[in-house]
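**Student:** With the sequences and hints as input, model every part of the structure.
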Amino acid sequence: MARIIVVTSGKGGVGKTTTSAAISMGLAKKGFKTAVIDFDVGLRNLDLIMGCERRVVYDFINVMNGEANLNQALIRDKHCDQLYILPASQTRDKDALSIEGVGKVLEELSKDFQYIVCDSPAGIEKGAHLAMYFADDAFIVTNPEVSSVRDSDRMLGLLASKSRRAERNEEPIKEYLLLSRYSPDRVKLGEMLSVKDVQEILSLHLLGVIPESKSVLNASNSGVPVILDEKSDAGQAYADIVARYLGEEKPHRFIDEKKGLFGKLFGGK
Amino acid sequence: MSLLDYFRSNKASSASVAKERLQILVAHERSSRNQPSYLPQLQKELLEVVRKYINVGQDAISVNFEQDDDQEILELNIVLPDHHTNKKS
Numbered sequence: 000m001a002r003i004i005v006v007t008s009g010k011g012g013v014g015k016t017t018t019s020a021a022i023s024m025g026l027a028k029k030g031f032k033t034a035v036i037d038f039d040v041g042l043r044n045l046d047l048i049m050g051c052e053r054r055v056v057y058d059f060i061n062v063m064n065g066e067a068n069l070n071q072a073l074i075r076d077k078h079c080d081q082l083y084i085l086p087a088s089q090t091r092d093k094d095a096l097s098i099e100g101v102g103k104v105l106e107e108l109s110k111d112f113q114y115i116v117c118d119s120p121a122g123i124e125k126g127a128h129l130a131m132y133f134a135d136d137a138f139i140v141t142n143p144e145v146s147s148v149r150d151s152d153r154m155l156g157l158l159a160s161k162s163r164r165a166e167r168n169e170e171p172i173k174e175y176l177l178l179s180r181y182s183p184d185r186v187k188l189g190e191m192l193s194v195k196d197v198q199e200i201l202s203l204h205l206l207g208v209i210p211e212s213k214s215v216l217n218a219s220n221s222g223v224p225v226i227l228d229e230k231s232d233a234g235q236a237y238a239d240i241v242a243r244y245l246g247e248e249k250p251h252r253f254i255d256e257k258k259g260l261f262g263k264l265f266g267g268k
Numbered sequence: 000m001s002l003l004d005y006f007r008s009n010k011a012s013s014a015s016v017a018k019e020r021l022q023i024l025v026a027h028e029r030s031s032r033n034q035p036s037y038l039p040q041l042q043k044e045l046l047e048v049v050r051k052y053i054n055v056g057q058d059a060i061s062v063n064f065e066q067d068d069d070q071e072i073l074e075l076n077i078v079l080p081d082h083h084t085n086k087k088s
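The listed protein sequences correspond, in order, to chains B and L. Just so it is clear: in the first sequence, position 14 is 13 by numbering that gives the first Met the number 0, and no numbers are missing. Just so it is clear: in the second sequence, position 53 is 52 by numbering that gives the first Met the number 0, and no numbers are missing.
Check the hints yourself; a few may be wrong.
[Unchecked claim] The calculated label-pair distances, taken between Cβ atoms and stated as ranges, are:
| hint | chain 1 | residue 1 | chain 2 | residue 2 | range |
| --- | --- | --- | --- | --- | --- |
| 1 | B | E124 | L | L38 | 19 to 27 Å |
| 2 | L | L41 | B | D255 | 45 to 53 Å |
| 3 | B | G30 | L | F64 | 46 to 54 Å |
| 4 | L | E47 | B | G156 | 28 to 36 Å |
| 5 | L | I53 | B | E190 | 49 to 57 Å |
| 6 | L | Q57 | B | L245 | 36 to 44 Å |
| 7 | L | G56 | B | V145 | 27 to 35 Å |
| 8 | B | K173 | L | S36 | 26 to 34 Å |
Bear in mind the hints are in silico, worked out from the structure with no lab data behind them. We put the CB at the ideal spot given by N, CA and C, even for glycine.
**Tutor:** Structure below.
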């Protein structure tokens, strides 16, 4: 039986797909058979971030409609043979998704996989709703910025009311905060909400902070999940996040600013 | 406190303004999240009924819905004007 993780945020552009690619790769590299599904029907991009855009033949909607079977649609990742990508359809619209169809595909995947990562589209409409509906765990990707924090809170409300676990009165979805695009320098200057601020506002368990990093754009440029860039700060942050999710104790990093020579000379503490 | 901190201005930082605004907003949105969707309509119709008999203002009625683990409370508050009984007599 697979554990289903939804990566969601409400707001667009905060790093959902980057996160989905990174954590699914991280889980697979730890040896868990993992599938990552793009729920952004009509605007698929996970394939591009994972670097498998030229290998897409069949998609999620084809499988739902019985036009292809799962094995035909799943793309095995070229870096890790425990990771499979199920791309979204680029030509259909979101109405092609149905709760029964998604449920059937997830159930079939559950037999064979240990983790299923659902990359939610932005917004709160059908794609986003179905991405979270069957989830066991939710990774809330938030930027330290007012509109992102507010939208994250809205998603928490929906997770608590519009999911299968909520409807069946089961144990609620476990919610985790992933604070991305974090700039400790700007926090220090009082220009950006701090981790503590965001945690206080949302009262969420912090899984990790991903610093604002050039490596994220470099990774997406080349179609390699940033977690494989082990030297980069963002890559290390995602590796920590996966480890913490799996129960390892890892001290939080990337929360304090890097001190340059000037800071070392004049900075306190 | 470091030398750098000393030169930083003491006025409220934009981050603390953001935090305060978000705390108020999130508290408000969370409190209205679990309310049934008929609440605004109920409030409007109740106001109409009350106004047939008593001249009260638009905001004289507040309807609150609270939910505990095992009970739901619908709280209705009508603020009457100071001398409404005197007029009748």
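**Student:** For every hint, state whether the structure bears it out.
**Tutor:** Status of the hints after comparison with the structure:
At about 24 Å, the beta-carbon gap between E124(B) and L38(L) stays in the expected band of 19 to 27 Å. Between L41(L) and D255(B) the Cβ separation comes to about 51 Å, which falls inside the hinted range of 45 to 53 Å. A hinted range of 46 to 54 Å holds for the C-beta pair G30(B) and F64(L), which are about 49 Å apart. Under the hint 28 to 36 Å, the C-beta atoms of E47(L) and G156(B), about 31 Å apart, fit the expected range.
A beta carbon spacing of about 53 Å between I53(L) and E190(B) agrees with the range 49 to 57 Å that was offered as a hint. Between Q57(L) and L245(B) the C-beta distance comes to about 55 Å, which lies outside the given range of 36 to 44 Å. For the hinted restraint 27 to 35 Å between G56(L) and V145(B), the CB-CB distance of approximately 33 Å keeps it satisfied. Taking 26 to 34 Å as the suggested C-beta distance range, the pair K173(B) and S36(L) conforms, at roughly 28 Å.
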